[in-house]
Structures are given as C-alpha cells and as structure tokens.
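Chemist: Listed in order, the protein sequences are those of chains A, B and C.
Sequential numbering from 0 applies to the first sequence in numbering that gives the first Met the number 0.
Sequential numbering from 0 applies to the second sequence in numbering that gives the first Met the number 0.
Sequential numbering from 0 applies to the third sequence in numbering that gives the first Met the number 0.
These are calculated hints, taken from the structure and not from any lab test.
Glycine included, C-beta positions come from ideal geometry on N, C-alpha and C.
Hints are not guaranteed to be accurate.
Stated by the list, open to error - Pairs of lysine-lysine, BS3-like flavour, derived with a Cα cap of 30 Å:
| no. | chain 1 | residue 1 | chain 2 | residue 2 |
| --- | --- | --- | --- | --- |
| 1 | C | Lys34 | B | Lys103 |
| 2 | A | Lys133 | A | Lys34 |
| 3 | C | Lys34 | C | Lys133 |
| 4 | B | Lys102 | A | Lys102 |
| 5 | B | Lys34 | C | Lys102 |
| 6 | C | Lys103 | A | Lys133 |
| 7 | A | Lys34 | C | Lys102 |
| 8 | C | Lys103 | B | Lys133 |
| 9 | B | Lys133 | A | Lys34 |
| 10 | B | Lys133 | B | Lys34 |
| 11 | C | Lys133 | B | Lys102 |
| 12 | C | Lys103 | A | Lys102 |
| 13 | A | Lys34 | C | Lys133 |
| 14 | A | Lys133 | B | Lys133 |
| 15 | B | Lys34 | B | Lys103 |
| 16 | A | Lys103 | B | Lys103 |
| 17 | C | Lys34 | C | Lys102 |
| 18 | A | Lys103 | A | Lys34 |
Claimed, not checked - Simulated restraints on C-beta separations:
| no. | chain 1 | residue 1 | chain 2 | residue 2 | range |
| --- | --- | --- | --- | --- | --- |
| 19 | C | Ser75 | B | Ile124 | 37 to 47 Å |
| 20 | C | Leu127 | A | Ser100 | 50 to 60 Å |
| 21 | A | Leu36 | B | Arg24 | 29 to 39 Å |
| 22 | B | Leu36 | A | Leu36 | 46 to 56 Å |
| 23 | B | Leu120 | A | Ala32 | 27 to 37 Å |
| 24 | C | Val77 | A | Arg99 | 23 to 33 Å |
| 25 | A | His33 | C | Leu105 | 44 to 54 Å |
| 26 | C | His33 | B | Leu120 | 53 to 63 Å |
Spelled out from the first residue to the last, the chains are:
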Amino acid sequence: MGSDSPFLLAAVSLLSALQMGYLARRVGWSRMAHKVLPPSVTGPPEFERTFRAHQNCVEFYPLFLVTLWTCGLFFSEVTAAAGGLVYMIARQIYFNGYVRSSKKRLRGFYVTLAVIATLSLLAFIGILRGILHKYFDIHL
Amino acid sequence: MGSDSPFLLAAVSLLSALQMGYLARRVGWSRMAHKVLPPSVTGPPEFERTFRAHQNCVEFYPLFLVTLWTCGLFFSEVTAAAGGLVYMIARQIYFNGYVRSSKKRLRGFYVTLAVIATLSLLAFIGILRGILHKYFDIHL
Amino acid sequence: MGSDSPFLLAAVSLLSALQMGYLARRVGWSRMAHKVLPPSVTGPPEFERTFRAHQNCVEFYPLFLVTLWTCGLFFSEVTAAAGGLVYMIARQIYFNGYVRSSKKRLRGFYVTLAVIATLSLLAFIGILRGILHKYFDIHL
C-alpha cells in the first residue's frame, strides 16, 4: 500500500478486532468464575448476561466494519476513525453495564446505534455523490 | 477514493448492513411482543424462530460480504452487486418465512445459498486468472 | 483490479468463507443425525458441541478477516496468506476435536489464537510505520 493508504481505518479496525478478542476472553473468564463448562451457555444470571453481551457485540461487528469503511473511504477517513473510537468506547460501556444488570446495557447501546446511524448517513452521502459522478456525470 | 471506485459494492454493502440492523430490531420487537426480557433467548415458538432467523443471517453475513467483494473486485462489479441485491431480497423472504414457520424458511434460504455459490464460483475464476497472470505470467 | 492486486488475500478469504459454509453445513448434518429440528439449538451433547464449535468459528471470523487483511496490506501479503491457511487448518482441527469432546477443542483453538496474535502484531507494526510516515514524516 502507498503512503496515502487508509492507515487510520486500518488502525481502528485492528483495535476493534483486539477488543472483540478481549470480550470473548471475558466470557471465558465468566465461564471459569461461574463454573459453566463448554458447550453449555446457560448458568447464573451474571454469566448469561456476559454471554449475551458478547453475542450482541458479535452480531453488530460486521455491520460496524461496513459502516466504518464505507464512511471512511467515501466520505471522510478522520470522521470515520473518530466515530469508530467512540463506538469502541460505547461497546465497552455497554458490555460492562450489561454484566452488572440488563438495564445498564442501554446507555452504551444507544451510543453505538447513534454512531452507526451517523457513519451510515455520511457513507450514504459519499456513495451517492460517487455514483452520480461516475454513472450520471453529475458533479456535486 | 477516485471516480473508478467500487461504489456499487459499497452501496450494496451499506444497504445490507442496514438490513442487518433492521433484522436485529425485529428481534427486539419480538422480545417486546412476547415479553422475553434480555438476556433470555427462550420463549414462545414464534420468538425462538425470529431469534434463530436473525442468528442465521448473522452467521452468513461475513461470508456473504467476502463473496460479494471478491466477485466484485476480481470478476465483475455489476454482476456481484446484482447478486448482492438478490441475496438481500432472499434473506428477507427467509426471515419473514421463518418467523411464520420453520418450513417457510427454506425457499429463501436456498436462494441465498445459490447466490453465494454463484458469487464464489465467479470470484474463484477471477482470482485464479489473477494469480496465473501475476505469479506464473499466464494470460487467459 | 490491476495485476498487483492482493490475489492471495482474496484467495484465502474466499477459501475461509467456503470453510465457514461447510462448517454451517456440518451443524445441519448434526441436526439431521440427532433429530434436532430448527429453531431448537439444544439436544444430545454431541449436537450441542457441534453447534457451539460452529458458533465460536462465527464469533472469530470477522476478527480473523480484519487481522488477515491489515497484516496482508500493511506488512506482508505472503506472510498473512500463509498465516491464514494455518488458521483455517487449526479451525478445522478445533471443530473436529470439539465434535468429539470439549477437551479436544483446545489444541486447535490455541493455534488459532497464536495466528491471530502474530497477524495482529505484524499488522500493528505495518500500520504504525505507515502512520509515522504519513502524518509525522518519520521513515523507519
């Protein structure tokens, strides 16, 4: 890759992948603390909340990556990378909150949704501009 | 990105990410309708079918993105984007069918498999051609 | 894409996507063998181990793709592609082992973690070098 490569998007993607690995590890630690042996995924409420918190992060991770990269490549790399960092912090608040109680998951979760909505909107603008330019010769 | 960027692949990826967000929302609505509080994932049959329908979409989503982009970048962007739209429609038919009954999930599911098989085959052809060209100086 | 495109990363990504499809199929076969009808995900221990083995592969797949591509684009494509092949073999050993017993999942699993840690470290080096070059004009 040349020196104009999307290093910030790559850095945020790598950090978020490591965070996903860390959250998977948290589920493993919760298994040990509550003596829930694989392949079981049921047990004390705290374990089940930890397990579901991780599952929700897994469900949203590809969706997050798509909005991060489409916003970053087609609208603004710095904006997307900043949004990605906010998403990661909000995911951590979500996860830590959910481990304590189901209600405490909500605050962080709403922030992740706001980030995804924002990145999607900006990506949409960038892609639409690109399609109008490339296929219809309309310059905005 | 320049004006020759893969805008169609980006557009289909962004739309499919929004669809994944919408399907996650459907699970949330089903939770409310059937009073299944997080972190529980068991409840009335309709809720459990809705939950599993979403899980199956999640399991296949990265796989779909890989075949969409490898086919789009190494074979044909328009073909891949068209296949991606068919995949999204089939996923919606799958999801709506599965919510009604387990049997009704099959029709849409088979279409998603056919799209993934087609995109994979075309991507394989494009990548093989590229590898033969780059590493073996064989031009097909 | 030009003739300098990352064909090896694309090839490994496509192969790993097909492997994920095959592992999903294995869960389907296990459903049939043990008469576990969708949407149920509980049943005989062997089915539950097969199901969890697949779920774990799903949880790690986007994380694997991110480390594969960041290492491949920003450090070395050949190294990343080789790591990706090792990861795929280790995933298969993990899956086949887990189907037989929970303990037999560990050997393959540790290898997948080692691959992800190695790819992440190399990707980190490549991205850091790129950021220092692009934003701080420091050449390593």
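Chemist: Are the Cα positions of Lys133 (chain B) and Lys34 (chain A) separated by 30 Å at most?
Modeler: Violated, because 53 Å separates the two Cα atoms, which is more than 30 Å.
Chemist: Given the hinted pair Lys102 (chain B) and Lys102 (chain A), is their Cα-Cα distance within 30 Å?
Modeler: Status violated; Cα separation ~35 Å.
Chemist: Is the hinted pair Lys133 (chain C) and Lys102 (chain B) satisfied, with a Cα-Cα distance of at most 30 Å?
Modeler: With Cα atoms ~55 Å apart, Lys133 (chain C) and Lys102 (chain B) exceed 30 Å; violated.
Chemist: Do the alpha carbons of Lys34 (chain C) and Lys103 (chain B) lie within 30 Å of each other, as the hint requires?
Modeler: holds, 19 Å
Chemist: Confirm or reject the claim that Ser75 (chain C) and Ile124 (chain B) have a C-beta distance inside 37 to 47 Å.
Modeler: Given about 26 Å between the Cβ atoms, the range is violated.
Chemist: Assuming the hint says 53 to 63 Å, is it satisfied by the Cβ distance from His33 (chain C) to Leu120 (chain B) or not?
Modeler: About 32 Å separates the Cβ atoms of His33 (chain C) and Leu120 (chain B), which means 53 to 63 Å is violated.
Chemist: Run the distance test for Lys34 (chain C) versus Lys133 (chain C): straight-line Cα separation, threshold 30 Å.
Modeler: violated, 58 Å
Chemist: For a C-alpha distance cap of 30 Å, please report whether Lys133 (chain A) and Lys133 (chain B) respect it.
Modeler: holds, 29 Å
Chemist: Lys133 (chain B) and Lys34 (chain B): Cα distance at most 30 Å?
Modeler: violated, 58 Å
Chemist: Check whether the Cα positions of Lys103 (chain C) and Lys133 (chain B) lie no farther apart than 30 Å.
Modeler: violated, 41 Å
Chemist: Hint check: Lys34 (chain B) vs Lys102 (chain C), CA-CA at most 30 Å. Holds or violated?
Modeler: Given pair Lys34 (chain B), Lys102 (chain C) is violated - Cα atoms ~37 Å apart, limit 30 Å.
Chemist: When you check the alpha-carbon spacing of Lys103 (chain A) and Lys103 (chain B), does it fall within 30 Å?
Modeler: violated, 37 Å
In summary, the numbered hints that this structure violates are 2, 3, 4, 5, 6, 8, 9, 10, 11, 12, 13, 16, 19, 20, 22, 23, 24, 25 and 26.
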